[in-house]
Amino acid sequence: MSALLEVKGVSRFFGGLAALTDVDFTVGKGEVLGLIGPNGAGKTTMFNVVNGFYAPSRGEVVFKGERISGLKPYQICGRGLARTFQVVKPLQRMTTLDNVVCSAFLRAPNRAAAVANAEEILKFTNLWDVRDTVSKRLPLGLRKRLEIARALATEPDMLLLDEACAGLNPSELEESIGIIRRIKERGITIMIIEHHMKVIMSISDRIVVLTYGQKLADGSPAEISANPEVIKAYLGEGDD
Amino acid sequence: MTYRKPLLILALLAVLPLIRAVPGVNANYWLHNFILVVMWTIIGMSWNLLSGYCGQVSFGHAAFFGIGAYTSGLLYVKFGLSAWWGMLASIPVVGAAALLIGFVCLRLRGPFFALATIAVGVILRIVAENLTGFTGGDMGIMIRERTWVEKTWYYYIILALAAGTFWFVDRIIASKLGYYFVAIREDQDAAESLGIDTTRYKTIALVLSAVLCGFAGAFYTNYMGYIDPKVVFALHDISVMAIMVVMVGGVATRWGPVLGAVIMILMAEIIRTIPKVGTAHHTLFGVLLIVVIIFLPNGVVGDAAKLRRLLRPGRSA
Amino acid sequence: MKRPLVTALSILVLALSLPLGALASEFKLVVPLPLTGKVAKFGEIMKKSFEMAAEEINASGGIKGSTLVLGFEDSAGKPETARAIVEKLIEGGQPVIVGEYTSACAKAVAAVAEERKTPYLVVASADDAITQQTYRYVFRQNQVNAHYADAFVSFMGEVVKPKTIAILYETTAFGTSGADAMEKDALKLGIKVVLKEKYEAGAPDFKPILSKVKSLQPDVVYMVSYVMDASLLMKQIMELRLEAKLFAGGAAGFAIPEFVGNAKEAAEYVISATLWTPKLSYPGAQAYAEKYKTKYGDYPSYHGASAYASLFVLKEAMTGAKDWSTEGIRDGMKAVDMQTAFGPVKFEDKEGYQNQNFVGTLAIQVQKGEFETIWPKDQASAPFVFPVPTWRERR
Amino acid sequence: MSAAKIEVLLQTLISGLLLGGLYALIGLGMTIIMGVMKIINLAHGELMMVGMYVAYLLFAWAHIDPYLSILVAVPLLFFLGVALQKYLVNPVLKVDAILPENQVILTVGIGMVLANLATIIFKSDYRTTPVDYATKAWYLTDLWKDSPIELSLSFPWTVSFLFAVGITAALWFFLSRTDMGKSIRATAQDKDAAMLMGVNVERMRVFTFGLGSALVGAAGCLFLPIYYLYPDVGGQFTLTGFVITILGGLGSTVGAIIGGLILGVFESLTATYVGMGWAPVGRFVVFMLVLVFVPGGVASLLRRRRFGK
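One line per chain: the protein sequences are A, B, C and D, in this order. Taking my numbering, I'd label the letters of the first sequence as residues 14 to 253. Taking my numbering, I'd label the letters of the second sequence as residues 253 to 569. Taking my numbering, I'd label the letters of the third sequence as residues 543 to 937. Taking my numbering, I'd label the letters of the fourth sequence as residues 77 to 385.
Some hints could be false.
To be verified - What follows is a list of derived Cβ distance ranges for each label pair:
| hint | chain 1 | residue 1 | chain 2 | residue 2 | range |
| --- | --- | --- | --- | --- | --- |
| 1 | A | Pro241 | D | Asp172 | 44 to 54 Å |
| 2 | D | Pro206 | C | Glu700 | 30 to 40 Å |
| 3 | A | Ala179 | D | Leu272 | 17 to 27 Å |
| 4 | D | Val370 | A | Gly180 | 33 to 43 Å |
| 5 | B | His488 | C | Thr836 | 31 to 41 Å |
| 6 | D | Asp218 | C | Gly902 | 39 to 49 Å |
These aren't lab readings, by the way, just hints derived from the structure by calculation. Given the structure is predicted, the values throughout are model-derived calculations rather than measurements. Glycine residues also receive a C-beta, built at the ideal position from the N, C-alpha and C atoms.
Using the sequences provided together with the hints, build the complete structure.
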């Protein structure tokens, strides 16, 4: 499996504080990588570095063999790397459909193509029924899914999902897991942050554990759940 | 979007000069006011594009209005051309100015952008006052003879310009640009992460908006025949007025600027001329503004549903 | 969606159908003035003066038996609004326009009046350009800005004989043209202009620029200011002990009662150009000034006097006119040659101006807190004080 | 450098500092309102105008010194501000509008009504309070007879300046040492966090608007002896307020006074050495440079310094 995304020795400082220190890992093509760690471990910061909101203070991020750290978020998105936000950021006063159309414009040659693409994605993510609802009126579960739909509409090769399942009720959770699986079936590589252990264990091919901005472990779900350090640092105090 | 309603309204507006035939009506007076209303509709639509749709609230549209007006005036004074050429010439001039202004101001977000644009408007006014050799300074520019005595032609020109602007903004909003503008307004970070080059699209919005506003300025020179820095670069009477026209009418709506211009210009004029009110007309108008914004925070069009709800019990009683 | 539009349109229709008739034995004259905004003060002085004149005219039988009925509309100093008002008046059949204050508004009104072939009597707007447009229907009763300082300049040439002058002026059309005119006059007299600088009207602090003036040691400091800047300038000049042979102002801010009221002892001996003073020997001038003072507590400025006199000029023009059509009144206006409280009024075409009244100007000096006319000598109400004592000597 | 040139430079600097102190006071009210509420208040100058009329009235009726009338104007403006915030601004801030800037219309409306009411009540006359000390000044040559240069220090300007410094110090003390002040600062920094910590954000906003109005009212009283008054006097000071707020850093009292002083000195130097007509351009160019390059204003520079050490 060739690496699609390589994170090489990435550190990120804020003022004097280190949010990430020398983190290395790779994500293989077609893989689902789970990124876990206690609160404040630097998971979202890692996403922000990969996605281009922050430039790494040291180290670099390589995507499809090209160095992308230092590029702007929109340029990185244009190269096929899309993300969702932990705190959902829908375009509040747009309808669900328009939200997705907006993203679809990135690759669509014209409006008709963008709409067609968006409609397909809404069906794929089971949002078709609420396509005309203004997105700020959607319940949280659907807004979370809209985040995914919007990211998908940019036709990415890789998707960063930041707690896309947090705060969902059990039936919504099932649905979202199904959607993530189907995204994987489409051949899209996924990196996912998730607190929900059941979710992360069931969908990840591999897991990277961060604590205090450093990589603690890297391995298959089985390896991770058996790793005593991880259990001590994370699972032990976790209440999941 | 259909164009039936706009065309119908345009047709209605196109026959307005016929009020000339109605006995006892001050046709010239009303046409003057209509011309101002239509001119403000354009300024409003221009502001709406940048601030309403793209969310970059400008407090400095007088800058573009003034540059447009001075382009016209200077062509006349310096090159002896008809000031009408200013309409054409203002496109590159205002566009270039907007690029430069955007380069500086669009790095800023929210209220900081707003404050920076206030400064731009004021700086341009003072520069125009000080470059006496070039702009004529405070003496302004006077066009010796206006093209027509009758207002009909002015009215049709500005109406055509407004119709064009309406159509243009409509097309923009329905296109990819429109989606991107609104995306930037709603959440700049999300937009950026969805592949939108926010700086580029904000600049596009600014330049388009500026050029439209510049047209209004160039028209103003031709129509009024006199400009000076304090008039065309006015903070309160142009920049803030542009904001009020759109906000009272309805931000990010098709008809907001139109209705806003009607309210802000015609209503202001009608209130001004109510007998016995005298100088208190500002108070009346100020109270009207306060009431509108408290009860209809998204403007008359934006809160049309709310307005209807407010009016309904009144009607049944 | 449709309802607001319908409402707006019905309001419109209603407004359009308002009747605008007038009674036969009345002559209704509506005057556009800035009654709100930054220059409202002058609008108010003029309004009061117009009212006083109308009262007097009506008491003596009106204009050819018709009662003069005055109305006022507030232009707030905005050219568009001024134009709207005048469009309405002309359309409504008012055959003559009188009023407005700022030059920007007067230019807007003049252009409309000329296009509509309706006579317009400018009362207090000074910008030279207004009567330099080959307009046939625009008359101006007050002197053009280029000549505002004539009397002062002659005083300077004959009495002060300075070698250098510093000119400070505010960034308005009035300030700019006043300063330009003074620069030309100074050149003619062989006076060296050591500094000519403008300032943003309304500034609170002039000390930096004044200390620069101080270091240049000019013989005369000449300042052109609309309103209160004048008193601030003098107060700060006194505070800095900026010494010059003479401090002088170019009318407006230096010739209103507030100047002395605010600057107090700093205003003493300051000389200003003006078009009119309450102590002039023109027929009716003192009576008007005293009446105004009893009624409103203060002497009027020359703006008021000009407004007051303008209605008598209008009466004269309309009495002499063959009919009260626009053309008739225009011809009547052109034929006016009379004495007023504002001085002689006659509209001439010369020096590139049309229909311009070249009334002689005056120089006044603040003496013991009062404005005294000092120049020309035949109009003087008191002898001039020159040389003036230094600030230190005044303690 | 000749004596005359030194005199000009020193006199310019003195004027600049004095002017800066007054500017700071205008900026103070605005900086705390903008800091806490992030709103653009275009009625700021009009509130100052109200303060000036209060001082004027007290002077005209009872011959109370404008400086003393601060004691009346401050509470009066405070309540006016509280009322405006409570009944007009807060309802508008609460509604969900596409652009939060719709509050601007509200402040424009308020400003219009205030200025127009002043025109109706007081006429458009120019008013002043002709106090005896209006042109009083201290002179260097009075103190030192043989001084080669002459410098003057205006009495009313100096008094106003000292008041401004005193008020700033008191405000700084209030904001950094009292619970109420700390709550206000918390609200300014992070509204949501403050709310979680149990700060009554709405009450803080009301109080802040009152405080800001009171401060600008005080500025009005201090300006009156050296300036003049008419109903439309406010507008230009609103702009000055913006410049100082940005120069000093949103919500920073110390920033406001330093920003005010910088602006005062800068303007005076431009007036002397470039030309007074250009001084306002300089003001707004500096304003934009700060906005773009030092978005936190002077306050952020100060903070950086402190962390660096």
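Hint by hint, here is what the structure shows:
1. Remark: the range hint 44 to 54 Å for proline 241 of chain A to aspartate 172 of chain D is upheld by a beta-carbon distance near 51 Å.
2. Taken as a hint, the range 30 to 40 Å holds for the pair proline 206 of chain D and glutamate 700 of chain C, whose Cβ atoms sit roughly 35 Å apart.
3. Distance hint check for alanine 179 of chain A and leucine 272 of chain D: the Cβ-Cβ separation is about 20 Å, which falls inside the suggested range of 17 to 27 Å.
4. Evaluation of the 33 to 43 Å hint for valine 370 of chain D and glycine 180 of chain A yields a pass: the beta carbon distance comes to about 40 Å.
5. The supplied range of 31 to 41 Å is met by histidine 488 of chain B and threonine 836 of chain C, whose beta-carbon atoms lie about 38 Å from each other.
6. For aspartate 218 of chain D paired with glycine 902 of chain C, a C-beta distance near 45 Å keeps the hint of 39 to 49 Å intact.
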